[in-house]
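Protein chains in written order, with our numbering: chain D, 1 to 287; chain R, 1001 to 1292.
These aren't lab readings, by the way, just hints derived from the structure by calculation.
Watch out, some of these pointers could steer you wrong.
Stated by the list, open to error - Simulated crosslink set (DSBU-like; lysine-lysine; CA at most 30 angstroms straight-line): (1) D:Lys277 with R:Lys1161; (2) D:Lys5 with D:Lys189; (3) R:Lys1083 with R:Lys1222; (4) R:Lys1222 with D:Lys277; (5) D:Lys277 with D:Lys38; (6) R:Lys1041 with R:Lys1087; (7) R:Lys1222 with R:Lys1161; (8) R:Lys1282 with D:Lys277; (9) R:Lys1222 with R:Lys1234.
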Amino acid sequence: MINLKDVSYVRLGTPDMESAETFATSCLGLQVAERAKKALYLRSDDRSHTLCYTEGDPSDQAVGFEIEDEDCLQQAAATLERLGHRVHGGSADEAARRKVRAFIGFDDPSGNHIELVVRPERSGRRYFASRDAGITGFSHIGLNSTDPGRDERFWTQVCNARVSDRIGDIPLMRVNAIHHTIALVRASKAGIQHVNHQVESSDDVLRSYYFLSERRVPIVFGPGRHPTSGARFLYFNGPDGMVFEYSVGVDEIEDEATHRPRQFGFEPTSFCMWGSKPAGMALPNDK
Amino acid sequence: MNPDGHPLVVSVCYIRIAASELHASARFAADVFGLQRVAEKNGEIAFRSDNRFRTLSISNGSGAGSSIGIEAWDEAALVGIEKRLTKGGFTVSRATTDDCRLRYVQAALLARDGSGNSIDLVARPTQSGRRYFPSRDAGITELHGVGIRSTDMARDLQFWKELGAEVSDWVGDITYLRIDGLHHRIALYPAKRHGLLYAAFEVETLDNIMQNGYFMQERQIKIVQGPGREPCSKQIFLHVEGPDGIIFSYVNGMKEIGSVRRPARQFPLAPQSLCDWGSEAKDVPELSAGVN
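Only chain D is shown next, with the shape it has when bound in the complex (with noise of 0.2 angstroms):
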């Protein structure tokens, strides 16, 4: 079983770095960490980065998870290759591009690209905002899946997901406490769904609506709550509609022994308690 231990990173392809820069910072509130040919790093935390836009295509994207060491990668790769995935073993000269040890590179069963990192940078300096957003951190993905049924037993049998809740046949997974680090979302083709930062507070999410809303970021969805995770959320566009969530208070699932994943049905009251509804956001149809 391949053990994830958190997720890492996410890196966007965008055909206009400039744009995305100043929607990163202005809006979303990241701290560029550095600037290299052709790569922007942005910090959320105290990781070195958390997301890395890339001169090139939207559609060339990734995300990478964290795992033990590198016997570890070597037995994912190995594991992977049985099943069937190409793996890619990632050189020099790309860990370093990513700031990590070691990283393997492979597609999820809907062409997700995903990365496998041993050992992802810190950073000595603690994160200081671009905006006062009350950004705490980067959480979770929501990702894109042509068959969830099939996904969800990839990542919870290859992997170590579990299923914390379900809404329709949306999986909302776990790789550790946390409600969710991985929502897969029913979609015609891969790709990341959302990308998800933690916010010191409720007093934060509904500021950054006024905040957005002003400047005439699109509201995707909310500010709203999540009957599933309890968590208090926006979700808005940014770059190459690119769907970025602000949110707080995602529920902990101590007991692992005995926590049974809810059914919610595939209804609006499933995604928000409090009565706002997706507009424009490509929430999957359920045939």
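Given chain D, put chain R in place with the hints provided.
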């Protein structure tokens, strides 16, 4: 404060308002806002929001049926209040038995503040034996406080001080007054006319504020301001407009004033002094903080 150590007044106890269409306003209060209708008597429909028998009454007409009820400690406190208000030059008279019956109280003084707002000082308001049970789950826990329009802030402040209220903070000339351990129960807003600005009802949690907000949006009920958060009191609010421009507010999370006394703080008259989150009021000058 009395020599006994108890305050002269203890709570905002009811709101009486006049409506141009009684039944439309009654429907708003119960079906939209979430109050429980309890009685119809003498042309007034009574509603409750908590363990008191009645916290809101609506009557037909011009405004004769409007007043804000403030509960006094007891009938002895009313005697003291009458003396102070008279000495301060305020209009005050003893309520008749009929006036009291209409107000569901045992004794009362009918007074006017410096702006001409009718303030009833009452003793022994009727409680209810049954618990509050509304027709929809708005999460209301009690009538919390009021916002009042003031055309003479200096006189109005003097009026409330005679009752023992103290200023917690100012935003421009907007004055937040406390009568118990919470930051404020009465807020005075400079205005061009007197009258009630809003009646605030506390709800259980932020969840209720947000649910009520989406509920209103879905039904195209006008939200005057919010959801928002008052910086000086930390109170989360949602101001909802009903018939005749009446504003009922859902509130939550007001902080206590605490045991260490501090001077009242002055905030500038600006939208960010009335809402920390960034909400702005629509079409209500008293809440617009000087912005047109």
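Within a Cα-Cα threshold of 30 angstroms, do Lys1041 of chain R and Lys1087 of chain R meet the stated pairing?
Distance ~35 angstroms between Lys1041 of chain R and Lys1087 of chain R Cα, so the pair is violated.
Hint consistency between Lys1282 of chain R and Lys277 of chain D [alpha-carbon to alpha-carbon, up to 30 angstroms]:
holds, 23 angstroms
Lys1222 of chain R and Lys1161 of chain R were given as a pair; does the straight-line alpha-carbon distance stay at or below 30 angstroms?
Cα-Cα ~35 angstroms, so violated.
Can the restraint linking Lys5 of chain D and Lys189 of chain D be considered satisfied, given a maximum Cα separation of 30 angstroms?
holds, 26 angstroms
Would the hint linking Lys1083 of chain R and Lys1222 of chain R be met if the CA-CA limit is 30 angstroms?
violated, 43 angstroms
Hey, Lys1222 of chain R versus Lys1234 of chain R, does the alpha-carbon distance stay inside 30 angstroms?
holds, 23 angstroms
Can the restraint linking Lys1222 of chain R and Lys277 of chain D be considered satisfied, given a maximum Cα separation of 30 angstroms?
holds, 19 angstroms
Compare the distance between the alpha carbons of Lys277 of chain D and Lys1161 of chain R with 30 angstroms, and conclude whether the hinted pair is satisfied.
At roughly 47 angstroms apart (the allowed maximum being 30 angstroms), Lys1161 of chain R and Lys277 of chain D break the hint.
Decide if the proposed pair is consistent with the structure: Lys277 of chain D and Lys38 of chain D, CA atoms, cutoff 30 angstroms inclusive.
violated, 37 angstroms
When held up to the earlier numbered hints, the structure conflicts with 1, 3, 5, 6, 7 and fits the remainder.
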